[in-house]
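Please put together the full structure from these sequences, using the hints given.
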Amino acid sequence: MTETTWTSRRCMVFMSDFGRVDGAVSAMYAVADAVSPEIRLYDLTHEIPQFDIWSASYRLMQAMTYWAPGTVFVCVVDPGVGSSRKSIAVLTDSGHLIVTPDNGTITHIARTVGITEIREIEGDKNRLKGSQKSYTFQGRDVYAYTGALLASGKESFEDVGPVLENYVKLDVIAPEIHGKKLFGAIDILDTRYGSLWTNIPESFLEEAGIPVGSRFRVTISHEGLTVYGYELAYCKSFSEVAKGESLVYVNSLLNLAVAVNKGDFASLYRIGTGEGWKIAFELI
Amino acid sequence: MTETTWTSRRCMVFMSDFGRVDGAVSAMYAVADAVSPEIRLYDLTHEIPQFDIWSASYRLMQAMTYWAPGTVFVCVVDPGVGSSRKSIAVLTDSGHLIVTPDNGTITHIARTVGITEIREIEGDKNRLKGSQKSYTFQGRDVYAYTGALLASGKESFEDVGPVLENYVKLDVIAPEIHGKKLFGAIDILDTRYGSLWTNIPESFLEEAGIPVGSRFRVTISHEGLTVYGYELAYCKSFSEVAKGESLVYVNSLLNLAVAVNKGDFASLYRIGTGEGWKIAFELI
Amino acid sequence: MTETTWTSRRCMVFMSDFGRVDGAVSAMYAVADAVSPEIRLYDLTHEIPQFDIWSASYRLMQAMTYWAPGTVFVCVVDPGVGSSRKSIAVLTDSGHLIVTPDNGTITHIARTVGITEIREIEGDKNRLKGSQKSYTFQGRDVYAYTGALLASGKESFEDVGPVLENYVKLDVIAPEIHGKKLFGAIDILDTRYGSLWTNIPESFLEEAGIPVGSRFRVTISHEGLTVYGYELAYCKSFSEVAKGESLVYVNSLLNLAVAVNKGDFASLYRIGTGEGWKIAFELI
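Protein chains in written order, with numbering that gives the first Met the number 0: chain D, 0 to 283; chain H, 0 to 283; chain L, 0 to 283.
Among these hints, one or two may not hold up.
Said to hold, decoys possible - Below, computed lysine to any residue pairings styled on SDA-like, alpha-carbon distance capped at 20 Å:
id, chain 1, residue 1, chain 2, residue 2
1, L, K128, D, P68
2, D, K242, L, R84
3, D, K261, L, Q49
4, D, K242, L, P78
5, D, K242, L, G79
6, D, K128, H, T115
7, H, K242, D, V80
8, D, K261, L, K128
Claimed, not checked - Just some of the chain L residues that point at chain D, by a computed CB distance under 7 Å:
id, residue
9, G18
10, R19
11, G22
12, V30
13, S35
14, E37
15, Y41
16, G79
17, S82
18, G129
19, Q131
20, S133
21, F136
22, V167
23, G275
To be verified - Chain D residues, not near chain H, derived (Cβ > 12 Å throughout):
id, residue
24, Q49
25, P68
26, G138
27, A143
28, E205
29, I209
30, S213
What the hints contain is simulated information worked out from the structure, not anything from laboratory work.
Ideal placement from N, C-alpha and C gives every residue a C-beta, glycine not left out.
Following this line, the structure appears as structure tokens:
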């Protein structure tokens, strides 16, 4: 075990599937602010689809690295609350801390950023005083509380609990390149605009020597059945095609994406995401 | 009149039925930040159903006590804006301040936490400068402004206005225990998951000597007509029953609640909340 | 060119059409907090209808002036991202800074508050380090980053780039008064309540000597076709009419507005906003 030298920058970011309709998110903020009024409190999102750990894992990857090292993330999409699933604090190779149930939330981060060390959250010291009778809201009683202890510097990462060697990971399909053909998964939708975000990195295009302005035959399949197959231009920005026209572009995470200019690609062609959905780009 | 010794911790929490679609909440934040940039500004929720004072009162109870004493709450669900209803600042027995129209918003807090003193908000000193011609947005012009004066320490609680002896309360049905039978109201839905949250405290279970693992006959009636009657297990957590199965549990506020594991109980059985809805738990 | 003496108060306010479902807004916050943890970060709204620059321009006017001078606004409703549209930093006559694409977002502010100076945002110094390959998320890479440089005092307004004399403005119809007849546009809906907010200022009522309690014949037309024509009372507040009854009032921005007490005027009478919609108030 190497000695970690993580330093908090007194900044916490919350993610959950709680929505903002009731007082749940506010109660998490309350616990953190009561631990220390010196911590800056922000949101990633609270609109993760209910119990969708995969989306939580993806959204964490999408935003985490833009926050400066030393930021603490509290991520609570927790279908197993009250079960025997563990609670963990995760130090990433980028110097961020993630406080979360051990249920797969760190899958994408583990792949793209890397994990330095995981510790199991243990004991009454990491639980809001007086909350011992509550079993259903660990987001407030354990995760926000422990996150605030860490963010405020009142507890060190080492003091959270013992090192954990194994942790829960979701299945993620790796992207592939074969000559001028690129294959991958549809990771997620850019919800507001219905664009498809794949897990195929822009570096594949460089590797294959494919410049902006090229055209691809784009094929999308679901459970092995082809549901979309058209030729699209690879553009630098949406405005290079007419309104209503589709395009291939590199998204803000530097992965290949497919969209309709001022339209909703996923709705238009009834495309979904996650397991069973595959996409291929063939240079023409 | 006892002398109050309330001390601000420079933290304000906003609740309203404004939503976040337009700039109304932002205007309240703006007024508070302009009074003093030293105040931390947070939300409870702005998604209270429109004009639903009862929900506002319940949500305030749900989250308020997790915030540290000295926090100021600005609660604006105000169907009577512009009418003769009073504006009040309320010191609770827990050391929190609530700035709100006098329309019932403090009903649940009065019952569960207790009220130390109420003062009527009066005069031009408690109104944003230059807002005298605006009658329809007191959330911004009066409540956010007065709340920020209090939270920043620029105005003491005593200086807000005269003590008010009477205030508006909503009708709330008290829970009852008769041997192994518990009766109460369905206070609210856990919106995201459709769980029923009753006003029957866990202490009734202790009083009646009913342990986790017991089974209840749960009966729900609306306007005296029984609309639900099944036997359910009293569980410590959702994961003790199969997906789609119903259960009784103690919620995060330590009251009895009813849910479907990974489902929406209220939608499934068309259960509502508030006046006219009653629930009974009979040990079997 | 006069020398500007703008001073930051270390407060940033974000507006966009991104929603809060994914991590986009969080990434903008992340960039700003990484530039300086000393800046207070707040929202105007992120629920501007997609690509609706006109709504963005209106909402900015609605909330901006309630924030203290020295506040920096980052406004990103940007259908032309990646095109040749410019990026600008705008100093208003009220002492606020707006960082935005040059696409019409400052239309209403220019008319009601006034523009002191506009500078074009240029160069790699105003772009997040390492983001040169990303073309589709300038909200994060350029606007949040530049806004944070300005809000933190790390960059002066003059250093952003050269002065720009011309900028993009949307078409806005001016209100008119002819004796006891007032004409104008329906600027926007008060979304939550469905009230119509016109651009006719209360000062017209004073000019025409029309007191509260008067009655108007209100006529609404769309593309020249009359779609509504009824007599309504001019009230000080909603509670002066019965539930379900319509009224004319002065809204929180001191313009004439039309509403149904505890109802939704726009839905009830199918009224829209923006170009093609006109409203007239004739004293009776």
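Against the structure, the hints come out as follows:
Only pairs whose Cα atoms come within 20 Å are accepted, and L:K128 paired with D:P68 is accepted, the gap being roughly 15 Å. For the proposed pair D:K242 and L:R84, the alpha carbon gap of about 17 Å is at most 20 Å, so the pair holds. For the proposed pair D:K261 and L:Q49, the alpha carbon gap of about 9 Å is at most 20 Å, so the pair holds. For the suggested pair D:K242 and L:P78, the alpha carbons sit about 11 Å apart, so the restraint of at most 20 Å is met.
Under the criterion of a C-alpha separation no larger than 20 Å, the hint pairing D:K242 with L:G79 is consistent with the structure, at around 11 Å. The hinted pair formed by D:K128 and H:T115 fails the criterion: a straight-line CA distance of about 25 Å is larger than 20 Å. Distance hint between H:K242 and D:V80 is fulfilled; the C-alpha atoms sit about 14 Å from each other, no more than 20 Å. In summary, the hint linking D:K261 to L:K128 is not supported, as the alpha carbons are separated by about 29 Å, beyond the 20 Å threshold.
A hinted interface residue such as L:G18 counts as satisfied when its beta carbon comes closer than 7 Å to some beta carbon of chain D; here the least separation is about 5 Å, so the hint holds. Given hint, L:R19 at the interface with chain D, holds; its Cβ is 6 Å from that chain's nearest Cβ, closer than 7 Å. With its C-beta approaching chain D no nearer than about 3 Å, L:G22 sits inside the 7 Å limit, and its interface hint holds. For L:V30, the interface hint holds, since its Cβ comes within 7 Å of a Cβ in chain D; the closest pair sits about 6 Å apart.
Against a cut-off of 7 Å between C-beta atoms, the interface hint on L:S35 is violated, since the closest Cβ of chain D lies about 10 Å away. Because the closest C-beta pair between L:E37 and chain D is about 10 Å apart, greater than 7 Å, the hint is violated. With its C-beta approaching chain D no nearer than about 11 Å, L:Y41 sits outside the 7 Å limit, and its interface hint is violated. Taking 7 Å as the C-beta cut-off, the interface hint given for L:G79 holds, the closest approach to chain D being about 6 Å.
Annotation: L:S82 was flagged as interfacial toward chain D, and the flag holds, the nearest CB pair being 4 Å apart, inside 7 Å. Taken as an interface hint, L:G129 does not check out: its beta carbon lies about 10 Å from the nearest beta carbon of chain D, beyond 7 Å. Taking 7 Å as the C-beta cut-off, the interface hint given for L:Q131 is violated, the closest approach to chain D being about 11 Å. The criterion of a C-beta within 7 Å of any C-beta in chain D is met by L:S133, whose closest approach is roughly 5 Å, and the hint holds.
At a threshold of 7 Å, the smallest CB-CB gap from L:F136 to chain D is about 3 Å, leaving the interface hint in force. This hint is violated: L:V167 has a C-beta 15 Å from the nearest C-beta of chain D, more than the 7 Å allowed. Residue-level restraint check for L:G275 is violated (minimum Cβ-Cβ distance to chain D is 20 Å; threshold 7 Å). The beta carbon of D:Q49 is not kept farther than 12 Å from every beta carbon of chain H, the shortest such distance being approximately 6 Å.
For D:P68, the requirement that its beta carbon stay farther than 12 Å from each beta carbon of chain H is met, with the minimum near 24 Å. With a least CB separation of 9 Å from chain H, D:G138 falls inside the 12 Å interface cut-off, contrary to its annotation. For D:A143, the non-interface assignment is contradicted: its Cβ lies about 9 Å from the closest Cβ of chain H, within the 12 Å cut-off. Every C-beta of chain H lies more than 12 Å from that of D:E205, the closest at about 41 Å, which supports listing it as non-interface.
No Cβ of chain H approaches the Cβ of D:I209 within 12 Å, the least distance being about 42 Å, so the stated non-interface status holds. For D:S213, the requirement that its beta carbon stay farther than 12 Å from each beta carbon of chain H is met, with the minimum near 41 Å.
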